[in-house]
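Enquirer: One-letter residues, chain by chain:
There are 2 protein chains.
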Amino acid sequence: MKIVVINSFLKETHKEKIRKAAEEVSGDLLFAESEDEMPEEWEDCDIIYGFGMNIAKKNKNLKWLSVPSAGVDYLMKPGVLANEDCLVTNSSGSYGVTIAEHIIAVSLIMMRKLDYSYRESLEGRWSSPQPQKSLKDCRILVLGTGDIGSCFARRARAFEPLSITGVSRSGKSTDPCFDAVKKTDEIDSLLPDADLLVMSLPDTPETRDILNRERIAFLPEGAYVVNVGRGSAIDEDALCESLNSGRLGGAALDVFKTEPLPSDSRIWNTKNLLITPHVAGNLTLEHTLNTNVDMFCVNLERYGKGLPLNNLIDRNKGY
Amino acid sequence: MKIVVINSFLKETHKEKIRKAAEEVSGDLLFAESEDEMPEEWEDCDIIYGFGMNIAKKNKNLKWLSVPSAGVDYLMKPGVLANEDCLVTNSSGSYGVTIAEHIIAVSLIMMRKLDYSYRESLEGRWSSPQPQKSLKDCRILVLGTGDIGSCFARRARAFEPLSITGVSRSGKSTDPCFDAVKKTDEIDSLLPDADLLVMSLPDTPETRDILNRERIAFLPEGAYVVNVGRGSAIDEDALCESLNSGRLGGAALDVFKTEPLPSDSRIWNTKNLLITPHVAGNLTLEHTLNTNVDMFCVNLERYGKGLPLNNLIDRNKGY
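In the order they appear, the protein sequences are chains Z and X.
Taking numbering that gives the first Met the number 0, the leading residue of the first sequence gets 0, the next gets one more, and so forth.
Taking numbering that gives the first Met the number 0, the leading residue of the second sequence gets 0, the next gets one more, and so forth.
Read the hints as simulated data drawn from the structure, not as lab findings.
Using N, Cα and C, we set each Cβ at its ideal position, and we do this for glycine too.
One or more of the hints may lead you astray.
So these bits of chain X aren't anywhere near chain Z, every CB distance computed over 10 Å [as the list claims (entries may be wrong)]:
id : residue
1  : 57
2  : 68
3  : 135
4  : 154
So the derived label-pair ranges between C-beta atoms look like this [claimed, not checked]:
id : chain 1 : residue 1 : chain 2 : residue 2 : range
5  : Z       : 217       : X       : 14        : 31 to 41 Å
6  : X       : 123       : Z       : 35        : 20 to 30 Å
7  : Z       : 270       : X       : 244       : 48 to 58 Å
8  : Z       : 220       : X       : 27        : 35 to 45 Å
9  : Z       : 123       : X       : 33        : 24 to 34 Å
10 : Z       : 12        : X       : 217       : 20 to 30 Å
11 : X       : 244       : Z       : 33        : 29 to 39 Å
12 : Z       : 236       : X       : 187       : 37 to 47 Å
13 : Z       : 118       : X       : 14        : 29 to 39 Å
14 : Z       : 33        : X       : 121       : 27 to 37 Å
15 : X       : 263       : Z       : 72        : 49 to 59 Å
16 : X       : 217       : Z       : 286       : 51 to 61 Å
17 : X       : 289       : Z       : 118       : 21 to 31 Å
18 : X       : 126       : Z       : 36        : 49 to 59 Å
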């Protein structure tokens, strides 16, 4: 069994863990920094853990692709994987902590207008941003009550009093951090009470443009929007218009329909829009990478024993 | 009894509350936007609530000065108050929520290098900041365990696991949000374990330059410093050198030895230094202003009944 790990962030401690897990299943193991570095004789490998989409496109022998990211939308299109029966797992569960911290940070930046004072400080100007808003007493609506939404909600709780409503496909969540959890089809009636809308949704046919022009108009004046899921979830033109007109208080987008954002995109120059280059969840945070590697090792053991894999993607749902 | 309220942030609801409280003590009441607007015949008033330092300098009849800020250092110098026996109260207790949110925000900005990605985004560049750090597993040292330090610690708790040590004059705190509370004279032994140093100290002879050159050197490599108390607490030259050399991870200063920061100050151009123009606690946040006004009204009732005032400044301690 040939196992290929393609990830330039791994440290020796991570590699050691993976080596041990591979030994347990009697696998041959190769580490590569990138796909380009991979020797040709490994292109028929059985398992890939890492950033190996181009090999997965060609390798009909591939049995399991373990993706270090949470989103797998780009793999779900028909014909992307050479082996249509290849198992795909994601690493949802390793990004909750880091993305939750991102959401808290950008929400407070917008509410406290810290982007304004930072911009002024770059020019050597002492200029107070006014007025400030607060997470306290904020009515928060979280689309997506998975690991990321829950990790955020647990942290937001510390800024009480406030209210947090979650929205999920099932209308349920086992996590008590939400005051209430509603079904996706109730969104229209929830948006008018959302001072802060947090979106952490996977890209699926149901979530595409879920925040469309009509729904943006449902948000109250001065509302804030944070998106850390997928850029496909928002009508970007409509959002930018609402920001430029001053109707919305601000938006913090970490994901976009086209990434990297083209240098001539009008999005760069939108008013009260905080742009981050898809870094809310990345593998530079030690905790994230450790958890990511641990999750793969556990799954490799399960694979060796013939047990069902954790975080297995349902191709019909797309997540 | 003449009561003067000098505050341009007050809304009608606040004025109404103050009017009722003044009626209860049979006081004559005047609202002014600023000292300059105050009629001469009110300059011998008995009570000032607000920004009235110049009148307090001249008015020998002043019996009580209620300051809307938390810091009162500028009033403690001999000769500042015309009536040396004038009671001084501050508004400590109304700023905890807003300053705690500021501390969380700037800490995460530094750790996640959001200042870097924001600066890049202003130039239309898609450029990932690496590596990121986290509040998770952070060892936090908080100088000052009053309202602000405690409000921050309670919020930081939500980012667990982490550790929070408080430092106070008494070495005690009634708030369970700290893992431990130490005495001020133990600082030297605590600094080497502080990944994040949060300073919320009043300006007193004891706190002046408390973070001096020697102590900055005690901080571990890559440590972050946040100051929301008074600028006098830090040797700014030494801090800027440690930031420019890259030894410290970053600093977020909301207060400075000279405010506003002069336009030719070298501080503006210091590496990894986040400058905010003394806005961590200001009166634009509704909650802050409401609490501030409520505290004055309660104290006015106490004054009328001859009860000891809340938040009375001890001239010897200076806070």
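Enquirer: Any of the earlier hints contradicted here, and which numbers?
Expert: Result: hints 3, 4, 7, 12, 16 and 18 break, sorted rising.
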